[in-house]
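Undergrad: The residues making up each chain are set out below.
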Amino acid sequence: MIEVRGLTKRYGDVLAVDDLSFDVEPGKVTGFLGPNGAGKSTTMRMMLGLDRPTSGKALVNGRTFTMLAEPLREVGALLDPGSVHPGRTGRNHLRVAARANGIPERRIAEVIEQVGLGRAAGRRIKGYSLGMRQRLGIAAALLADPRVLLFDEPMNGLDLDGVRWIRGLLRRLADEGRTVLVSSHLLSEMEQTADRLVVIGRGRLIADATTEEILRGLGHRQVRVRTSQPDQLLTRLEEHGFTVQRVDAHELRVEESTAEQVGDLANSFHLPLHHLSDVQQSLERAYLALTSDHVEHHAREAERAPTTMEAAQ
Amino acid sequence: MTAPSTTPALRGLAEDVSTGRVFARTCAAEWTRLWTVKATWWFLAAAAVAMVGLGAVAGFDAAADPVPPQGDPAWLVSSISAMPAQFALLAFTLIAVTSDYATGGIVPTLQWTPRRAVLFLARAIVTAGAATSAGVLLGLASALAAFAAARPGLSLPLDEGIEVLATVAFVFAAGTVLAVGLGFLLRNTAGGLVAVFLLMLVLPLLLPQFGYEWMSALAEILPGSGAAFLLLKGVPGMTTVSSVLVLLAWAGGALLLGWLRLMRDDANR
Ligand SMILES: Nc1ncnc2c1ncn2[C@@H]1O[C@H](COP(=O)(O)OP(=O)(O)OP(=O)(O)O)[C@@H](O)[C@H]1O
Ligand SMILES: [Mg+2]
Numbered sequence: 006m007i008e009v010r011g012l013t014k015r016y017g018d019v020l021a022v023d024d025l026s027f028d029v030e031p032g033k034v035t036g037f038l039g040p041n042g043a044g045k046s047t048t049m050r051m052m053l054g055l056d057r058p059t060s061g062k063a064l065v066n067g068r069t070f071t072m073l074a075e076p077l078r079e080v081g082a083l084l085d086p087g088s089v090h091p092g093r094t095g096r097n098h099l100r101v102a103a104r105a106n107g108i109p110e111r112r113i114a115e116v117i118e119q120v121g122l123g124r125a126a127g128r129r130i131k132g133y134s135l136g137m138r139q140r141l142g143i144a145a146a147l148l149a150d151p152r153v154l155l156f157d158e159p160m161n162g163l164d165l166d167g168v169r170w171i172r173g174l175l176r177r178l179a180d181e182g183r184t185v186l187v188s189s190h191l192l193s194e195m196e197q198t199a200d201r202l203v204v205i206g207r208g209r210l211i212a213d214a215t216t217e218e219i220l221r222g223l224g225h226r227q228v229r230v231r232t233s234q235p236d237q238l239l240t241r242l243e244e245h246g247f248t249v250q251r252v253d254a255h256e257l258r259v260e261e262s263t264a265e266q267v268g269d270l271a272n273s274f275h276l277p278l279h280h281l282s283d284v285q286q287s288l289e290r291a292y293l294a295l296t297s298d299h300v301e302h303h304a305r306e307a308e309r310a311p312t313t314m315e316a317a318q
Numbered sequence: 014m015t016a017p018s019t020t021p022a023l024r025g026l027a028e029d030v031s032t033g034r035v036f037a038r039t040c041a042a043e044w045t046r047l048w049t050v051k052a053t054w055w056f057l058a059a060a061a062v063a064m065v066g067l068g069a070v071a072g073f074d075a076a077a078d079p080v081p082p083q084g085d086p087a088w089l090v091s092s093i094s095a096m097p098a099q100f101a102l103l104a105f106t107l108i109a110v111t112s113d114y115a116t117g118g119i120v121p122t123l124q125w126t127p128r129r130a131v132l133f134l135a136r137a138i139v140t141a142g143a144a145t146s147a148g149v150l151l152g153l154a155s156a157l158a159a160f161a162a163a164r165p166g167l168s169l170p171l172d173e174g175i176e177v178l179a180t181v182a183f184v185f186a187a188g189t190v191l192a193v194g195l196g197f198l199l200r201n202t203a204g205g206l207v208a209v210f211l212l213m214l215v216l217p218l219l220l221p222q223f224g225y226e227w228m229s230a231l232a233e234i235l236p237g238s239g240a241a242f243l244l245l246k247g248v249p250g251m252t253t254v255s256s257v258l259v260l261l262a263w264a265g266g267a268l269l270l271g272w273l274r275l276m277r278d279d280a281n282r
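Protein chains in written order, with my numbering: chain A, 6 to 318; chain B, 14 to 282.
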């Protein structure tokens, strides 16, 4: 169980995390979603006491992480897999962790086996691929069998096998009753992995609900229609209370409607249609729509891009 | 997947572990951290070559002297060879502290030991302690090497040996504690090395050369002057008391600043 209450972090002028409150419950995989720079890593760093909150707090199993005597028995975390001394062997890296938390030596071999690091554990970390570093970080997180697990973008840079492996692992950990928080900037990645989603943008909470609820809430419907008489159709549609967008010379977009509604209406005014279809709102775009007000880096133009994107599809 | 050794749901809150226990474990972790990287061994080897090598050379020199020494104490060699060797040990200590910052390793370190005060003390004691102990043993080895090489020209009187080795231990301890403090304060290997060398070697040597009164006075309150006086004597303006005080003040001050930075600032950004 993780409780985040009014968590705020300011770096000079940048408000990286802004009055964030949410809970992460045991037995579920919770996706922590947000575009680049949203404040996911900063939030996780504050949960682990690495960064000092400007205000607010984060409790892990009811306690502040920095008070824990045996932190690895409570929380296992993988932040940045590159943050390790490259000159040490993987096994020695884990050995340091085990010593610091009074974990028996045999657990080291067990987690090495569990993450599939195998013989690479005896080699220096500088020779590891990104995937191997991720596995090493996960091995350290699992070392003391903790009840809470935090992973910051664990699928970054992994191949398909690696991604599948992590998905399975997250599922198992949650099914064993652990609290699992996984950050990502890709909704598509999380929709297959997470039971719940906490969505943030510019450090603020945007949504906190089950994955299903969020996906349903996002799926707002649109109809795409082409006609030789777009001006007339546009007028008629607007008369009937639809919100319509002119996309190009012959194409319109009708918000919150269905192909039947638009087709019937066009028919009743004897307007010829050349194309009529429901637009399946892509999840990534829907997510962008959800966070676009909160995205810092995206230029205004990026939000005008959907037409081009559609054309490309 | 190996089944977890205990079911998390069945386990209560982590049992209370005493702070002493946590400290002992952190020291064990720091010990492992120290000796599982190559740099540690390289700097130790450099210190060993300097001290034992100089000891042997001094011994052979003494033996080859047309007027061989008549039982002079070999211990002199320990404190002379400690002068260059201390820089290897200073680098040894500094890098043990800053490499965590250079590599980002401080992130896992603080995940495994989130009580920063415990981490600070453990790292200071383990790194400065290891460097100082190694330095004293090498001081002993240095004198033994000189004694063996010059036999029977030199002697090894016990009381003088204790005094010399205690002085060497004090200089190494103060210097390496200074390095620990600077490492935690600067969080940067290159910057830390430059600072250590400026304070311990370059400025104490350079400042008096300009001939200004105030520059010489400044040099007298630098830790390098204190170390040089205690090991070699013959540093103008210094006394044993002033040397000890200067070294203690610098070591304590740097340690305090390093402590404050670790306790107050974000882990590594
Ligand atoms: N040390 C720092 N100094 C100044 N600004 C910082 C610092 N660390 C983070 N930030 C800013 O805080 C914001 C949040 O950063 P954070 O790394 O938490 O985002 P994120 O959601 O993890 O993004 P990503 O998906 O790119 O990993 C960003 O605007 C970032 O520039
Ligand atoms: Mg991040």
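Possibly wrong hints are sitting among the right ones.
Computed footprint of chain B on chain A; a stretch qualifies when at least three of its residues, placed anywhere within it, have a C-beta under 8 Å from a C-beta of chain B [as the list claims (entries may be wrong)]:
#, segment
1, 54-63
2, 97-109
3, 261-274
If the Cβ cut is set under 10 Å, some of the chain A residues that face chain B in the computed set are [as the list claims (entries may be wrong)]:
#, residue
4, 70
5, 71
6, 89
7, 145
8, 247
9, 251
10, 252
11, 254
12, 258
Away from chain A, derived, C-beta distances all over 12 Å, residues of chain B [unchecked claim]:
#, residue
13, 32
14, 52
15, 82
16, 119
17, 221
Since the hints were made in silico from the structure, they are not lab data. We treat Cβ as the ideally placed atom computed from N, Cα and C, and that holds for glycine.
Undergrad: Now tell me, hint by hint, if it's right for this structure.
TA: Here is what the structure says about each hint:
no., hint, in the structure
1, 54-63, "holds (count 4)"
2, 97-109, "holds (count 9)"
3, 261-274, "violated (count 0)"
4, 70, "holds (6 Å)"
5, 71, "holds (4 Å)"
6, 89, "holds (6 Å)"
7, 145, "holds (7 Å)"
8, 247, "violated (50 Å)"
9, 251, "violated (48 Å)"
10, 252, "violated (45 Å)"
11, 254, "violated (52 Å)"
12, 258, "violated (44 Å)"
13, 32, "violated (8 Å)"
14, 52, "violated (7 Å)"
15, 82, "holds (45 Å)"
16, 119, "violated (8 Å)"
17, 221, "holds (40 Å)"
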